[in-house]
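S.K.: Going down the list, the sequences are from chains P and W.
The opening position of the first sequence corresponds to residue 0 in numbering that gives the first Met the number 0, with each subsequent residue numbered one higher.
The opening position of the second sequence corresponds to residue 0 in numbering that gives the first Met the number 0, with each subsequent residue numbered one higher.
There may be inaccurate statements among the hints.
Unchecked claim - Within a straight-line C-alpha distance of at most 20 angstroms, the following computed EDC-like cross-link-like pairs (lysine to aspartate or glutamate) qualify: (1) W:K243 x W:E302; (2) P:K235 x W:D346; (3) P:K230 x W:E343; (4) W:K233 x W:D154; (5) P:K235 x W:E272; (6) W:K2 x P:E175; (7) W:K243 x P:E91.
By construction, these hints were calculated from the structure, which means they are not laboratory data.
The structure displayed is predicted, hence computed values, not measured ones.
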Amino acid sequence: MANAATFRYPSFSKRIVALVGGFGSGKTEVSVNLAKYLAHANSEPVTLVDLDLVNPYFRTREAIAEMEALGVRVVAPQGGQYYADLPILLPEIKGLLETHEGMLILDVGGDAQGCRALGSLSGEFPPGQYEMLMILNSRRPQTADVAGSIATMNRIAGSSRLPFTGLVSNTHMIDETDAAILLEGYDLARAVSGESGLPLFFVSAKRAVLNTMDTSVFACAILPLTRSMLKPWERKEETSGS
Amino acid sequence: MAKKLMKGNEAIGEAAICAGALNYFAYPITPQSEVAEYLCWRLPEVGGTFVQAESEVAVGNMLFGAAASGKRVFTTSSSPGISLMQEAISYIAGAQLPVVFVNIMRGGPGLGGILPAQSDYFQAVKAGGHGDYHLIVLAPSSVQEAVDLMILAFDLADKYRNPVMLIGDGMIGQMMEAVEFPEEHRKPNDPTGSDWALTGAKNRKARITKSLFLDPVMLEENSFLLAEKYKTIKKNEIRFEKYKVTDKNRILIMAYGTMARICQTAIDELEQEGISVGLFRPVSLYPFPEQDIFTESTRKNIEKVLVVEMSVGQMIEDIERCLKGQREIDFYGRTGGIVPTPNEVKDKVRQMLGIKK
Numbered sequence: 000m001a002n003a004a005t006f007r008y009p010s011f012s013k014r015i016v017a018l019v020g021g022f023g024s025g026k027t028e029v030s031v032n033l034a035k036y037l038a039h040a041n042s043e044p045v046t047l048v049d050l051d052l053v054n055p056y057f058r059t060r061e062a063i064a065e066m067e068a069l070g071v072r073v074v075a076p077q078g079g080q081y082y083a084d085l086p087i088l089l090p091e092i093k094g095l096l097e098t099h100e101g102m103l104i105l106d107v108g109g110d111a112q113g114c115r116a117l118g119s120l121s122g123e124f125p126p127g128q129y130e131m132l133m134i135l136n137s138r139r140p141q142t143a144d145v146a147g148s149i150a151t152m153n154r155i156a157g158s159s160r161l162p163f164t165g166l167v168s169n170t171h172m173i174d175e176t177d178a179a180i181l182l183e184g185y186d187l188a189r190a191v192s193g194e195s196g197l198p199l200f201f202v203s204a205k206r207a208v209l210n211t212m213d214t215s216v217f218a219c220a221i222l223p224l225t226r227s228m229l230k231p232w233e234r235k236e237e238t239s240g241s
Numbered sequence: 000m001a002k003k004l005m006k007g008n009e010a011i012g013e014a015a016i017c018a019g020a021l022n023y024f025a026y027p028i029t030p031q032s033e034v035a036e037y038l039c040w041r042l043p044e045v046g047g048t049f050v051q052a053e054s055e056v057a058v059g060n061m062l063f064g065a066a067a068s069g070k071r072v073f074t075t076s077s078s079p080g081i082s083l084m085q086e087a088i089s090y091i092a093g094a095q096l097p098v099v100f101v102n103i104m105r106g107g108p109g110l111g112g113i114l115p116a117q118s119d120y121f122q123a124v125k126a127g128g129h130g131d132y133h134l135i136v137l138a139p140s141s142v143q144e145a146v147d148l149m150i151l152a153f154d155l156a157d158k159y160r161n162p163v164m165l166i167g168d169g170m171i172g173q174m175m176e177a178v179e180f181p182e183e184h185r186k187p188n189d190p191t192g193s194d195w196a197l198t199g200a201k202n203r204k205a206r207i208t209k210s211l212f213l214d215p216v217m218l219e220e221n222s223f224l225l226a227e228k229y230k231t232i233k234k235n236e237i238r239f240e241k242y243k244v245t246d247k248n249r250i251l252i253m254a255y256g257t258m259a260r261i262c263q264t265a266i267d268e269l270e271q272e273g274i275s276v277g278l279f280r281p282v283s284l285y286p287f288p289e290q291d292i293f294t295e296s297t298r299k300n301i302e303k304v305l306v307v308e309m310s311v312g313q314m315i316e317d318i319e320r321c322l323k324g325q326r327e328i329d330f331y332g333r334t335g336g337i338v339p340t341p342n343e344v345k346d347k348v349r350q351m352l353g354i355k356k
């Protein structure tokens, strides 16, 4: 069995990575874990932008303290706006797209509606200098097959006015994920890759599940995940945030 | 059917379709707007109808009219929106119409906030509108249970010709969990043979669906009829779940919805410390499992009962009523969108037993 040491982790030649997907694709977990990994692996700064304008709960901003402790800068609404269910687009994001140090990761929430925010910024993305990655989860109703995945990607690309440059296979069922589910999602992602011509950048999955399987079956990079977006009953041995 | 990963709000919408309920009226409000977002594309796929009303007041009245046709109808909303529907809910109960309401509760009073709360217990269980009536109230603690209870809600509404309300804190609507739906969708019910639905009075006497009875004798008759119905509901429809309830328990916790799951984590961790605590989770909040709560709470080793809610204390009043002074009752609650952690529950239990950490 392959172990974590043999993983090829994701690496990027571009300095901007936008992670996009529908509800439940797991883009927030992927964004948070990718930012943590890059901050740890590379000696360069990482900035994570919370562009989830449609989900009221379980957003990147909930992991701010954890991220900042690891040296990741998080850009998200603060103060009274932290809890708002309003589409707040921070003006500094435009500036970050023009100029930033190190890697810039954007966590773009919620399907085509959520990606309208990205559309208003589409002109600011430096041509050829960013990756726009679709996060696929074959256990979500709208991306359960190739046709549904392509249709969802077309809707998102339409409202974000940015073409996709690659795919991420993040098929999961939260705590019910197993190796068979990962493989099912990987097969779908390869089929979507074949149909769309977009490369599969990496597979992301819970580290505990990866440890149970032969990861050499994945021909691409792998990002092991540690869950950050926990439900209240999963938060053991910690006190209330307030 | 393979399990799917769904947000609670989407799953509640899909469950209604499984139940053959294809008539949905709603107005968006956080944290339940995804029900409408889901059903606005999903209902047309199965021949259903979604009308986005101009307000929740309009939603309530659309439900009254549509339910009178004998078809399955429902709405979903969150706390302030449910408040706006109270007048129509009272009329619907008075006219004995089957309607399913879903309240994905947020913090109040007033506009409050958008984070999870359980502070609409009184409104749901004690009937927030005017008059002598009750809703059947069901409280799921997981997305799967929300699906199962949503389907049950339509069956109960039809069986008793009574409005049913499914209440979940914001977490039920917003969290993602793996769910399974029944293979077969129910066919939309055919009200042709109904003895009350308004199906067109051709070749029969016209029917009138109303909650207005100016003659006091008839109004009293209607209220007695409802009261009889509630007695039957109390006899037949009590639902609850117990977790680690044994004769060793020193404390019995009472909690419903996702709050119960937080208490389960606390109970598991307290067990590791050698402190035996059980959980009683009412699933039907009306009818309330009065007798079972009394029986389980008065087991010989139980010293105290702890009620835990995401409110400043509402269900506790019903627990007090059930226990008739037989056990000391304590309370722990957070509100406004703050959700108690397992650790807070553990600290409360230790404090009640005089145990230092």
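S.K.: Please verify whether W:K243 and P:E91 have alpha carbons no more than 20 angstroms apart.
M.R.: This hinted pair is violated, its Cα atoms lying about 52 angstroms apart.
S.K.: Could you grab the alpha-carbon distance between P:K230 and W:E343 and see if it respects the 20 angstroms cut-off?
M.R.: holds (15 angstroms)
S.K.: Between P:K235 and W:D346, is the straight-line Cα distance small enough, at 20 angstroms or below?
M.R.: holds (13 angstroms)
S.K.: Compare the distance between the alpha carbons of P:K235 and W:E272 with 20 angstroms, and conclude whether the hinted pair is satisfied.
M.R.: With Cα atoms ~14 angstroms apart, P:K235 and W:E272 stay inside 20 angstroms; holds.
S.K.: Check whether the Cα positions of W:K233 and W:D154 lie no farther apart than 20 angstroms.
M.R.: holds (16 angstroms)
S.K.: Is W:K243 close enough to W:E302, meaning Cα to Cα at most 20 angstroms?
M.R.: holds (16 angstroms)
S.K.: For a C-alpha distance cap of 20 angstroms, please report whether W:K2 and P:E175 respect it.
M.R.: At roughly 10 angstroms apart (the allowed maximum being 20 angstroms), P:E175 and W:K2 satisfy the hint.
In the structure shown, a violation is registered for the earlier hint numbered 7 alone.
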